[in-house]
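Peer 1: The whole structure should be built from the sequences, with the hints applied where relevant.
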Amino acid sequence: MSLLEVSNLTIELPASRGPFASPAHTLVNGISFAIEPGEILALVGESGSGKSLTALSILRLLPDALTIIAGSVQLQGEELFALTEKQMNRVRGFRAAMIFQEPQVALNPVQTLEQQIGEVLTLHKGQTGQARRDAVVGLLQEVGIPDPQQRLSWYPHQLSGGQKQRVMIAMALACEPDLLIADEPTTALDVTIQKQILELLNQLRKQRQLGVLLITHDMGVVSEMADHVAVMRHGDILEYRSAVEFFANPQHEYSRQLIHSLPERRFRPSQQQPQALLTVDNLKVWFPQRQGILQRVVGHTKAVDGVSLQIHKGETLALVGESGSGKSTVGRAILALEQATEGDIRFDGQSLQGLSDKQFLPYRKRIQVIFQDPFSSMNPRMTIRQILAEGMTSLGLAGKGEEHEAKLEQLLERVGLEAQHLDRYPHEFSGGQRQRIAIARAIAVEPELIICDEPTSALDVSIRGQVMELLLELQRDMGLSYLFITHDLSIIPHLAHRVAVMKNGVLVEQGLCADVMDAPQHEYTKALLAAAPVL
Amino acid sequence: MEMLMTVKPVLLWSDWLIFLLVLTLILFFINLGKNPVARKRWRSVFASRVGMASFLVIVFYVLIALLDSMHFRYPLDKLEGSDEQHYSQEVNSLLDVVLEDLRGHDEKTYSSPFAIHSFSKENRTLENGQVVRDYPRLEYAGSHLRKHETVGSDVFERSMNALVVGLGIALVLALLIQLLRRLTGKQASAWLPWKTVYLTLGGLILVTVWILQVGGYYHILGTNKVGQDVLFQAIKAVRTGVLIGTLATLITLPIAVILGIAAGYFKGLIDDVVQYIYTTLSSIPGILLIAASVLLIDVYIETHAEQFRLSAERADFQFLALCFILGMTSWTGLCRLLRAETLKVSQLDYVQAARAFGVSHSRIIGKHILPNVTHIVLIALVLDFSGFVLAEAVLSYIGVGVDPSMASWGNMINEARAELSREPVVWWSVSAAFVMMFVLVLAANLFADRVRDAFDPRTVN
Chain X
1 MSLLEVSNLT IELPASRGPF ASPAHTLVNG ISFAIEPGEI LALVGESGSG
51 KSLTALSILR LLPDALTIIA GSVQLQGEEL FALTEKQMNR VRGFRAAMIF
101 QEPQVALNPV QTLEQQIGEV LTLHKGQTGQ ARRDAVVGLL QEVGIPDPQQ
151 RLSWYPHQLS GGQKQRVMIA MALACEPDLL IADEPTTALD VTIQKQILEL
201 LNQLRKQRQL GVLLITHDMG VVSEMADHVA VMRHGDILEY RSAVEFFANP
251 QHEYSRQLIH SLPERRFRPS QQQPQALLTV DNLKVWFPQR QGILQRVVGH
301 TKAVDGVSLQ IHKGETLALV GESGSGKSTV GRAILALEQA TEGDIRFDGQ
351 SLQGLSDKQF LPYRKRIQVI FQDPFSSMNP RMTIRQILAE GMTSLGLAGK
401 GEEHEAKLEQ LLERVGLEAQ HLDRYPHEFS GGQRQRIAIA RAIAVEPELI
451 ICDEPTSALD VSIRGQVMEL LLELQRDMGL SYLFITHDLS IIPHLAHRVA
501 VMKNGVLVEQ GLCADVMDAP QHEYTKALLA AAPVL
Chain W
1 MEMLMTVKPV LLWSDWLIFL LVLTLILFFI NLGKNPVARK RWRSVFASRV
51 GMASFLVIVF YVLIALLDSM HFRYPLDKLE GSDEQHYSQE VNSLLDVVLE
101 DLRGHDEKTY SSPFAIHSFS KENRTLENGQ VVRDYPRLEY AGSHLRKHET
151 VGSDVFERSM NALVVGLGIA LVLALLIQLL RRLTGKQASA WLPWKTVYLT
201 LGGLILVTVW ILQVGGYYHI LGTNKVGQDV LFQAIKAVRT GVLIGTLATL
251 ITLPIAVILG IAAGYFKGLI DDVVQYIYTT LSSIPGILLI AASVLLIDVY
301 IETHAEQFRL SAERADFQFL ALCFILGMTS WTGLCRLLRA ETLKVSQLDY
351 VQAARAFGVS HSRIIGKHIL PNVTHIVLIA LVLDFSGFVL AEAVLSYIGV
401 GVDPSMASWG NMINEARAEL SREPVVWWSV SAAFVMMFVL VLAANLFADR
451 VRDAFDPRTV N
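Taken in sequence, the protein lines are chains X and W. Numbered according to the numbering used here, the first sequence spans residues 1 to 535. Numbered according to the numbering used here, the second sequence spans residues 1 to 461.
Read the hints as simulated data drawn from the structure, not as lab findings. In this text, all values refer to a predicted model and were calculated from it rather than measured experimentally. The beta carbon of each residue, even a glycine, is placed where N, CA and C say it ideally should be. Treat the hints with care, since some could be wrong.
Stated by the list, open to error - Computed Cβ-Cβ distance ranges for the label pairs, DEER-style: (1) X:A65 with W:Y397: 46 to 54 Å; (2) W:L250 with X:G354: 38 to 46 Å; (3) W:E423 with X:A15: 53 to 61 Å; (4) W:L250 with X:V105: 37 to 45 Å; (5) X:G354 with W:V59: 51 to 59 Å; (6) X:A65 with W:L63: 37 to 45 Å; (7) W:Y276 with X:V110: 28 to 36 Å.
Peer 2: And the structure:
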């Protein structure tokens, strides 16, 4: 008997009546899978494939708007859909627990660790007082929180993101469940932390014979963790096999796409040119910390503390670092969106420091930017036409009448969209399409350098590859240079000529892509590379 | 009608403003034709039944206010031996002419709706010299009744009459509209919910005709303490309500929008200054501030009596000052909200992208920030509108509201304090004010809801 057996599960968004009538919509379409004790099943799919809904329906936590119309879920032979709500509460947390993607919002900010974890223990096991405290300390120790005794009275904000996720895991484990459902547990974390959390999960399931349903979109994580893999798309399971077989010989076309969504590890030849397009020399960006009524400056947050780099014509420099390393601030400082405290930025031989807004205007045309989140980078109240034309108008590059119209259409076609999309609003497009529009907006003014601030990390893997291809193609055709800011090491070889690794506002290593990736010199680079899951 | 030819028109300041307001609204809708995107959105507002019905109700209120804003003075009979024409000190409006029957029929004191006897007993001397204490017959209401006729049957008869006339007018109007649609091509206006339009217009016409037909013979909503028709007072108060709501809101809006967005967008020193201003302002009790300002205005009126020769002019000036003061003291809430929202929006990537394109600050504010905070402005607009109508009532209570000579729902509600503590209760005054206010505020709320839905792109599809 399996630990968990899901068969023929079907979830539907019922038909609605009234002014916004819509027909019934099947979100999960008769899927079946099973998990044995001590086994990790990875449920893989892109956003909207129904994988999170599947997880929620196992614990019967689906939003009210959705209904389960068929199927059964058996936990250790017991039919969960037949239980009353009260009996179900004894299952949740007790026999099957769940951890979520965002530890930041899953922990109550006004409760200490002891209160939060202890609450579960009191509720399910009736423990109080010293026994409860000991149990909490034991759990914190098990998930690898240092000095658990002292940290009992800490609040969530005093912990780092990885530690918060550990606390979440401790809470999930508090009642010794048999099944753990992990919904994208590491997506919000940096690679080095991700590795630690994955190791922790792996070790726990071995110790406790825990069955784990791991939901993820990251094929690297799957290949490192999973025993079995189920690939989901549009509510269907396309392929469900053991991990070894799956990676050796994927059956479904879509599975192959997912596995090969990561580009081949093929380094781009360096393009050494004598003249640098952009030179950043000892750049420092310090943010003042203010306190008191008079807002006195009491100290500085050194976001960027002495960074020097160069980008040549037609070259891509990847700036790598974890969150908070200051890599985005470097990009913003180059764009003069952030005031540099010290240092010099030279573009095409001209210093950009101390230029007024007006003096900077000619350079706005030559340096452009693409942001990470395609949902917030476009004004929801402007049509695509207005969005594309805004920069051209502002920089005096807009043509007149037909010529202008032709230019806009040509831009959209250039990034793989259609001319008829011009009068739509951003919300009518998918994430990948939006990112294409953002790229079209940037190349509309024919820049020489584009700062790409994590342009692919908010996208699904299959779309990520397409957007990267587009960027490469544009680089070839237009001779663009990129400063590619990213935390995702897997895409660098395919994309960058050179790499700079950043940590705590300082560059720790810089060099040709092949050198840095294959023979890292600095400890931190080595740790980063070791942490990144590979296929 | 002959009288109207010889009258002297009077234009009060608030009349100017209301005409200006209506004119800008009309220009706005004419201008819409040029902007295809905005036109499409407004179309979706009027294509919804709720939006259309509430719009018609609002228009009806505004029409009453407009009618009540065409002021004039009647000429007085010429004195002997003088050629100079003198005019009455009393300022009348077209609405007074339309509702002449309601206006002129003042009783002595309270009477309940459709009553033909007074609400309180009076000493009466009978023909034989005996003094009895009884409810006297009202002077006007039901005075046409003959001995054997009862109020019920008479009202029913007249209501039926009004129904027939009203339906007739509505039918003619509907036919006219249909004809117009035929001429302009039926397809062009097929998107409007015509059924709702006809129903709402029909309802409004029926009510109007009924009031005109029955109101001359009875006090539909009774009379107040000094015997004035309550329905007439409530209708006269429409102008006060509509004006105080819109004018005070129009004064708060630019202050709140400009200061709030400037503080949130430019941050730093400007933010500090704006914050200090509104923190200081909101730390003084609003009522005190308003009372003090109103008293200042009163002093001004006293010392500059020569500028206000008519009592209507004085009341009007005091009213405008009240709108201004209300507006000046209540922009802080909206300003605070806008500052916070702007802080958030100005950090979004699309604003950063615009800055990377070298788009000027004024364009960023106009194109990116303002459109993305309008939902707050719209909601605040409607809430403030009803808030101001209510605030007027509170201020009347402490004696710093609109001039007592001016009809306002606030004054009516204020009087209800004493009326509701009587036994038996005088309920019609406050009910009339409540119903009139309720319909206006509800229509404004529903309309604003539709507008917000139409202009939020995330809810369009």
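Peer 1: Determine whether the Cβ-Cβ distance between G354 (chain X) and V59 (chain W) falls within the hinted range of 51 to 59 Å.
Peer 2: Holds - the Cβ-Cβ distance for G354 (chain X) and V59 (chain W), about 58 Å, lies within 51 to 59 Å.
Peer 1: The hint says 37 to 45 Å between L250 (chain W) and V105 (chain X); measuring C-beta to C-beta, is that right?
Peer 2: Given a distance of about 41 Å, which is inside 37 to 45 Å, the answer is holds.
Peer 1: Assuming the hint says 53 to 61 Å, is it satisfied by the Cβ distance from E423 (chain W) to A15 (chain X) or not?
Peer 2: holds, 58 Å
Peer 1: Assuming the hint says 28 to 36 Å, is it satisfied by the Cβ distance from Y276 (chain W) to V110 (chain X) or not?
Peer 2: Cβ of Y276 (chain W) to Cβ of V110 (chain X): about 31 Å, so the range 28 to 36 Å holds.
Peer 1: Could you say whether the range 38 to 46 Å given as a hint is met by the Cβ separation of L250 (chain W) and G354 (chain X)?
Peer 2: With Cβ atoms ~44 Å apart, the hint holds.
Peer 1: With 37 to 45 Å as the target window, see if A65 (chain X) and L63 (chain W) comply at their CB atoms.
Peer 2: Roughly 44 Å apart at Cβ, these two residues keep to the hinted range, so it holds.
Peer 1: 46 to 54 Å was suggested as the range; check whether the CB atoms of A65 (chain X) and Y397 (chain W) agree with it.
Peer 2: Between A65 (chain X) and Y397 (chain W), where Cβ atoms are some 47 Å apart, the hint holds.
Checked against the numbered hints given earlier, this structure breaks none of them.
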